[in-house]
Amino acid sequence: MIKAENLVKSYGGTEALRGLSLEIADGEFAVILGASGSGKSTLLSVLSGLEKADGGTIECNGVRLDTLGDRELTLFRKKEVGFIFQQYYLLPHLSVEKNVRLGADLSGNKNYREIIAAVGLEDKLDRKPSALSGGEQQRVAIARALAKNPRILFLDEPTGALDEKTGREVLDYIAGLHKARGFTMIMVTHNLNIADMAETVVKMNSGKIVGIYKNTERKSAYEIGW
Amino acid sequence: MIIGPKDGFKLAGISIVCFCAVYVCTFMLNYYLDVLPLGDTIPEQFSALYKAQLATATFTAAITGGVLGLIAVVMLVFYIKLYIDGHAKQLGIIKALGQTRGRIAAEFCVFGLSVFVGCLLGFGGGWASMRVIYDGLTIEGIGEIAMTFHVELLFALVFAPTAVTALISVTYAYFALARPVSELLRGKCGKEKIEREGKNKDRSFLAEMCLKTLTAKKSLAFFVAFSCFCFSAMVQMGLSMENLTTATMGYMILAIGIVLAVVTMFMATTSLVRGNIKNISVMKAFGYSLRECAVSVLGGYAPFALIGFGAGSAYQYGLLQLMINVIFADVGSVPEYSFNVPVFFITLAAFVLSYAAVTLYYVLKINRITVKEVMTEN
Ligand SMILES: Nc1ncnc2c1ncn2[C@@H]1O[C@H](COP(=O)(O)OP(=O)(O)OP(=O)(O)O)[C@@H](O)[C@H]1O
Ligand SMILES: [Mg+2]
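So the sequences go chain by chain: A and B.
Per the working numbering, the first sequence starts with residue 1, numbered consecutively.
Per the working numbering, the second sequence starts with residue 227, numbered consecutively.
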């Protein structure tokens with residue numbers, strides 16, 4: 001379980017998070033919605049231990065993140081979390097396979113080929129990212145994040161750089177893998193339709209949560225007609 | 227105008243290398259030109275010394291000028307390639323808008339500016355220290371040697387190098403910009419080849435990262451090796467040649483060696499870390515430790531550092547032997563010289579310490595890269 005209380009974070013004069021509290025259960029799929037600049041990425045980076053909050057507490061699977069130092073936070077990320085970013089951030093000079101090993105090696109996962117196959121890229125193992133389409137690149141990023149067997153997966157607009165059809169495919173991959181493996185998933189998005197796929201929807205505005213609701217009925221990427 | 231004079235001045239590393247080269251060449255060649263006409267007035271018994279001093283001057287000027295000039299050109303080409311790769315998108319857009327390759331390439335001549343600045347300062351610096359050098363290279367039988375200004379040296383050491391480097395920049399850019407617009411727009415650098423990994427398929431991520439960072443930036447291995455070569459050769463030479471020239475010359479060589487080593491190492495490592503900021507921050511996000519990040523980016527270059535150091539030691543020994551056997555051969559009092567073992571170990575210790583310090587500096591720099599910064603930048 002992830003439990004954050006009274007999170008505060010500012011950059012210079014900008015208050016990105018202004019006393020925010022949130023609880024997400026294990027295995028849950030939560031979506032964070034909000035306008036640009038409302039603090040979604042900041043929340044994600046604080047929850048995942050990429051950055052330290054200025055104030056407030058975060059408890060993640062029983063560990064108090066706000067009390068950890070840099071080294072311990074790194075270890076926490078190594079063991080617990082995976083990331084998928086809007087811009088993929090694949091290592092351009094390494095092949096698909098080695099990009100996935102970036103994640104796999106961290107948890108000693110030898111079966112990373114299975115995951116590459118699960119995202120449908122087993123025939124492109126030796127390609128460099130620049131020789132792949134945007135959707136394929138994002139699928140490599142998914143494989144990279146999942147290959148380290150994270151307990152929590154953080155996604156910052158994973159479909160933001162993709163066209164509709166490819167975005168839907170990528171989302172479907174993610175949703176399918178989430179169902180099969182049962183990790184916790186926290187996704188930031190601008191797309192209101194995607195919210196219908198999640199169990200919990202968190203709405204943010206100027207560094208605060210303005211509403212949380214649960215979906216009783218979840219839809220697939222195809223049903224939301226997106 | 228795509229490339230402003232600002233881009234040209236940014237290459238401080240090249241300016242410094244040019245400064246060192248021209249600095250030494252200025253007083254050495256000026257000395258040569260001033261002393262050469264005195265040949266007839268030298269008493270017979272001093273003519274061997276006279277020839278030795280002339281040879282020292284040409285020899286030193288040729289070695290420093292040649293080696294450093296070459297390095298400056300390699301650095302320049304490296305920077306231009308880096309610039310083109312880094313600005314591939316902008317250049318692609320300009321090309322797509324119909325600007326001709328020649329017009330874009332012509333703007334790269336501003337990269338000659340850094341050479342101009344370095345050479346001009348080197349020339350001035352050379353003149354400022356000329357009296358000291360002249361006093362160190364006196365020849366018995368002639369009194370104080372007068373310093374004369376030779377305008378042809380100003381041309382050869384300042385204007386000619388500037389013109390040549392500007393020309394090289396433009397030519398190199400012209401050929402580098404031959405890539406099709408679509409490729410430039412995708413920000414793709416160089417050819418893509420799908421490689422068969424064969425038996426290396428099982429290499430771990432960190433090992434692969436180390437190796438591919440190295441092969442992606444091969445020229446940096448050269449700079450790292452050169453930096454260590456300079457450090458090793460010039461520090462050892464400076465410390466062990468006291469019998470061969472004046473103490474001032476020794477310290478000068480020592481100082482130039484350290485400056486060159488620091489400049490090239492700094493340039494190589496900075497561009498390495500800068501070019502890998504995104505990769506490092508992703509690695510950090512995923513939970514790789516600082517040490518793992520630093521080793522995977524910088525580690526592949528360590529063998530080249532050692533090779534450079536070894537080659538530098540051998541080189542300075544060979545050079546000093548050559549100086550003794552060739553230049554001082556005619557002079558009666560041939561100084562004794564053998565490989566200076568204590569100096570070697572002192573230099574080695576200083577080298578290991580400096581290398582560790584450089585690595586530590588970059589580990590701290592990597593520590594400051596925040597993942598969020600990279601994540602939010604689009
Ligand atoms: N590293 C930073 N330095 C300075 N200001 C920052 C930094 N990161 C975020 N901010 C500021 O904090 C506020 C929240 O930013 P954040 O990136 O969390 O928004 P967001 O909801 O993710 O926006 P978007 O939808 O555009 O990605 C913004 O005003 C932003 O300018
Ligand atoms: Mg954001």
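FYI, nobody ran anything at the bench for these hints, they're computed from the structure.
Fair warning: there could be bad hints in the mix.
Claimed, not checked - Stretch-level coverage of chain B by chain A, calculated; a stretch enters the list once three of its residues show a Cβ under 8 angstroms from a Cβ in chain A:
| id | stretch |
| --- | --- |
| 1 | 428 to 434 |
| 2 | 500 to 509 |
| 3 | 513 to 520 |
Quantities reported herein were computed from a predicted structural model and do not represent experimental measurements.
Ideal Cβ placement from N, Cα and C applies to all residues, glycine included.
We went through each hint and held it up to the structure:
1. 428 to 434: Answer holds; 5 residues pass the 8 angstroms Cβ test.
2. 500 to 509: Since 5 is at least three, the answer is holds.
3. 513 to 520: Contact hint for the stretch 513 to 520 of chain B vs chain A: holds, 4 residues under 8 angstroms.
Hint check: no violations occur; every hint is consistent with the structure.
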